[in-house]
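Residue numbers (the numbering used here), protein chains in the order written: chain A, 1 to 333; chain B, 1 to 287.
If you are wondering where the hints come from, they were derived from the structure by calculation, not from laboratory data. The hints are all genuine.
Derived lysine-lysine pairs resembling DSSO-like cross-links, with alpha carbons at most 30 Å apart:
| # | chain 1 | residue 1 | chain 2 | residue 2 |
| --- | --- | --- | --- | --- |
| 1 | A | Lys177 | A | Lys83 |
| 2 | A | Lys83 | A | Lys114 |
| 3 | A | Lys203 | A | Lys114 |
| 4 | B | Lys118 | A | Lys64 |
| 5 | A | Lys64 | A | Lys87 |
| 6 | A | Lys83 | B | Lys118 |
| 7 | A | Lys177 | A | Lys203 |
| 8 | A | Lys152 | A | Lys177 |
| 9 | A | Lys87 | B | Lys118 |
Computed from a predicted structure; not experimentally measured.
Residues per chain are reported as follows:
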Amino acid sequence: MSETTPLLIVDDLVTHFRTDRGLVRAVDGVSFRLERGETLGIVGESGSGKTVLSRSIMGLLPPKNVVTGGSVRFEGRDLTTLKPEDKRAIWGAEIAMVFQDPMTSLTPLMRVGKQVIEGLRVHLDMDKARAIETGIALLRSVGIPEPERRMKQFPFELSGGMRQRVTIAIAIACGPKLLIADEPTTALDVTVQAQILNLLQDKQRERHMAMILVTHDLGVVAGRTDHIAVMYAGKVVEKAPTRKLFTEMRMPYTEALIKSIPKADQPSHTRLAAIGGRPPDLVNPPAGCNFAPRCPYAREKCHVEEPPLTTDSSVDDEHVFACWYPVDVKVAG
Amino acid sequence: MLPLPVDIPIAEAAQRRRRTLGWMFWASLGWVALIIFLAAFADLLPIQDPNALRSASNLGPGIDHLLGTDSLGRDMFARVVYAARVSLTVGFASIAIGLIFGGTMGVIAGYYRGRIDKVLMAIADVMLAFPALVFALAIVTFLGQNLRNVTIAIAVISIPGIARIVRASTLSFAQRDFVLAARTLGASNRRIIVREILPNVAIPIGSFSFIAVALAVVGEGALAFLGLSVQAPTATWGGMINDGRSFLQDNPNLSLIPSGVLFITVLALNFAGDALRARFDTKDAGL
Numbered sequence: 001m002s003e004t005t006p007l008l009i010v011d012d013l014v015t016h017f018r019t020d021r022g023l024v025r026a027v028d029g030v031s032f033r034l035e036r037g038e039t040l041g042i043v044g045e046s047g048s049g050k051t052v053l054s055r056s057i058m059g060l061l062p063p064k065n066v067v068t069g070g071s072v073r074f075e076g077r078d079l080t081t082l083k084p085e086d087k088r089a090i091w092g093a094e095i096a097m098v099f100q101d102p103m104t105s106l107t108p109l110m111r112v113g114k115q116v117i118e119g120l121r122v123h124l125d126m127d128k129a130r131a132i133e134t135g136i137a138l139l140r141s142v143g144i145p146e147p148e149r150r151m152k153q154f155p156f157e158l159s160g161g162m163r164q165r166v167t168i169a170i171a172i173a174c175g176p177k178l179l180i181a182d183e184p185t186t187a188l189d190v191t192v193q194a195q196i197l198n199l200l201q202d203k204q205r206e207r208h209m210a211m212i213l214v215t216h217d218l219g220v221v222a223g224r225t226d227h228i229a230v231m232y233a234g235k236v237v238e239k240a241p242t243r244k245l246f247t248e249m250r251m252p253y254t255e256a257l258i259k260s261i262p263k264a265d266q267p268s269h270t271r272l273a274a275i276g277g278r279p280p281d282l283v284n285p286p287a288g289c290n291f292a293p294r295c296p297y298a299r300e301k302c303h304v305e306e307p308p309l310t311t312d313s314s315v316d317d318e319h320v321f322a323c324w325y326p327v328d329v330k331v332a333g
Numbered sequence: 001m002l003p004l005p006v007d008i009p010i011a012e013a014a015q016r017r018r019r020t021l022g023w024m025f026w027a028s029l030g031w032v033a034l035i036i037f038l039a040a041f042a043d044l045l046p047i048q049d050p051n052a053l054r055s056a057s058n059l060g061p062g063i064d065h066l067l068g069t070d071s072l073g074r075d076m077f078a079r080v081v082y083a084a085r086v087s088l089t090v091g092f093a094s095i096a097i098g099l100i101f102g103g104t105m106g107v108i109a110g111y112y113r114g115r116i117d118k119v120l121m122a123i124a125d126v127m128l129a130f131p132a133l134v135f136a137l138a139i140v141t142f143l144g145q146n147l148r149n150v151t152i153a154i155a156v157i158s159i160p161g162i163a164r165i166v167r168a169s170t171l172s173f174a175q176r177d178f179v180l181a182a183r184t185l186g187a188s189n190r191r192i193i194v195r196e197i198l199p200n201v202a203i204p205i206g207s208f209s210f211i212a213v214a215l216a217v218v219g220e221g222a223l224a225f226l227g228l229s230v231q232a233p234t235a236t237w238g239g240m241i242n243d244g245r246s247f248l249q250d251n252p253n254l255s256l257i258p259s260g261v262l263f264i265t266v267l268a269l270n271f272a273g274d275a276l277r278a279r280f281d282t283k284d285a286g287l
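Working from the sequences, and respecting the hints, build out all of it.
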């Protein structure tokens, strides 16, 4: 593959689940592209389809009762049509994942060292001595003190932050080109969150690895990503370079999300600007714009016709949004 | 104000109770170990021939015969010890076989789910629905009354139950994040089953196996009582209870002694299994 083609092209990706209630449109036509070494933040509230999206990109979903569509091209190969053996060769070696809860994502009965070197031995065919040496170096590089001793410990002997460092070490062990981090800090203490995010960012820069950072917390992605895609009800409703999204958001949902972040300089007991209502039913989504029922600016057209993902062509084509009556905020940057 | 020092011993005691298995476990394990030791080394120990006919029958416990003699004048202690060979061989071997087949079924059904799960569990249901005693009777009658066939009969009977328990345990582990994490690292299904699922499933199943062995020992006893276990004169606990049945009035020891040994052994296996289960309960361990 030449260096000019994007690393990952997701085109009109669809993941629907067949349930007794009907078709759940968890991911409904998502498209984006990711260049090498670039970081994309995917933001959305619970149930907006961000986790299903990250698993769909990996091709991790069970085949049963799932309707899929669209394509995921990773270095030109369509991951959605790959055979399981070929997928296994890519998983871990070229695309790796960091999960939300480090308490459950490490095998409880296997020593940390063994879990760290497993991928090295399978994908890179290292002999045991070299793999252990590399594993110790990896643990040290993710900021784990006394890595030699940690290698011989079991996961329950480590704190949550340490365990997440271990899962990151495992994920980056084989030098993947793409790291998908699905809410990597949600289960951690606030004091540890920033450390883990900084670690992810350092590793991503150091190894020129592309990263997809999935989170519900805009604060997590601010300043750490190149682009942000905001998801609502299985669709991308706004996507822009990070700075632009925070200063010139057009979609009322994005605006509401940013407004709902509590600010330290507000006087105490200020009422939190929560988003009223609930996320839409993914089985029977409302007609028109999905966000219209909760949108303070919604007009008649919003309840009837669904807005396409468009760009304010006069400005630039990197900033896309789906709204008939975009807000025109210019927050002083 | 609460007197603070009083709290400390309580906390320590609570911690100790959680960490240790308790004296009952060790007493139970000791009993089972003693029975296994006696049965294994019976030939080397100064134990009399279990099938030799002595002069006096129906002797009470004494110095020559620790537990007396039976209606044919055979040494009861020797017979109880040699009977343990049969009971324990059948108990452990049948459950080992049951674990191999039932365990494989359960892990496959629980891991792969879907159609293969339905088929395997339907097979297990059919096996469960079939009257166990009739099945054992059929095997022993048609294949012959010997140690191997009794073991096979009880092994087959144990398979569906083991399969169901292993499947349930596998289900709970297969959905954990660490299995998904292993998949995202490119681990094959076989690798996941062997390295991620089996070690975790082995702990609850291991403690359950003690109880299963106890059930198998009772099962062998029941078969022997019906005269369907190994053939006379080989001693088995169930067979000895049966032999003593006609002498209950004159010499109740003939039935009571093997009954007691069988009872204590089964109880000990159950206690040991229960203590292990409580100790390794993953809910308590917070894994």
